[in-house]
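For any residue, its number in the numbering used here is found by taking its place in the sequence shown, counting from 1, and adding 118.
Keep in mind that the hints were calculated from the coordinates and are not lab data.
All values derive from a computational prediction rather than experimental measurement.
Think of the CB as a built atom: it goes at the ideal place given N, C-alpha and C, for glycine as much as any other residue.
Keep in mind that the hints are not guaranteed to be accurate.
Unchecked claim - What follows is a set of in silico ranges between Cβ atoms, one per label pair, in the way DEER data are often shown: (1) Thr192 to Gly239: 30 to 38 angstroms; (2) Thr190 to Gly239: 30 to 38 angstroms; (3) Ala237 to Thr190: 33 to 41 angstroms; (4) Gly238 to Asp160: 29 to 37 angstroms; (5) Val161 to Gly212: 13 to 21 angstroms; (6) Glu223 to Asp152: 25 to 33 angstroms; (7) Val199 to Ser179: 15 to 23 angstroms; (8) Ser179 to Glu221: 15 to 23 angstroms.
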Amino acid sequence: MAIPTDRKYSSDHEWVSSDGTVGITDFAADALGDVVYVDLPDVGSEVTAGEVCGEIESTKSVSDLISPVTGTVTEVNDAVVDAPETVNSEPFEGGWLFKVNVEEEGELMDAAAYEELAAGGGQ
């Protein structure tokens, strides 16, 4: 899958678009395996770049969801809560997780830098 160039990426394999939409990358979705449950931050809660803000559970493991930005959560994707497998099938589109009114970005990279990271095994 091509890595969209219209967003920024964290070394924890999350992405954030210019409107504050946050999701995980296809690399992360593939590594997780079949996603069966997502625990997302509540609307109105504060998230901090680089800190845990939820979790994603798959048939293989439970992984922390790390926020790539600092700000206030304005929306969560209820469709993903109801159908977590969307994270696997559409990680860059319908599988987005939540939206943030971004106050500050964490350490993020562009698509080319992220592609290098993912090609090198992810960390």
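How the hints compare with the structure:
A beta carbon spacing of about 34 angstroms between Thr192 and Gly239 agrees with the range 30 to 38 angstroms that was offered as a hint. Look at Thr190 against Gly239: about 34 angstroms separates their beta carbons, and that is inside 30 to 38 angstroms. Roughly 34 angstroms separates the CB atoms of Ala237 and Thr190, a value that falls within the hinted 33 to 41 angstroms. At about 35 angstroms, the beta-carbon gap between Gly238 and Asp160 stays in the expected band of 29 to 37 angstroms.
For the hinted restraint 13 to 21 angstroms between Val161 and Gly212, the CB-CB distance of approximately 19 angstroms keeps it satisfied. Here the CB-CB span from Glu223 to Asp152 is close to 31 angstroms, well matched to the stated 25 to 33 angstroms. Distance hint check for Val199 and Ser179: the Cβ-Cβ separation is about 19 angstroms, which falls inside the suggested range of 15 to 23 angstroms. The beta-carbon spacing between Ser179 and Glu221, approximately 31 angstroms, falls outside the hinted interval of 15 to 23 angstroms.
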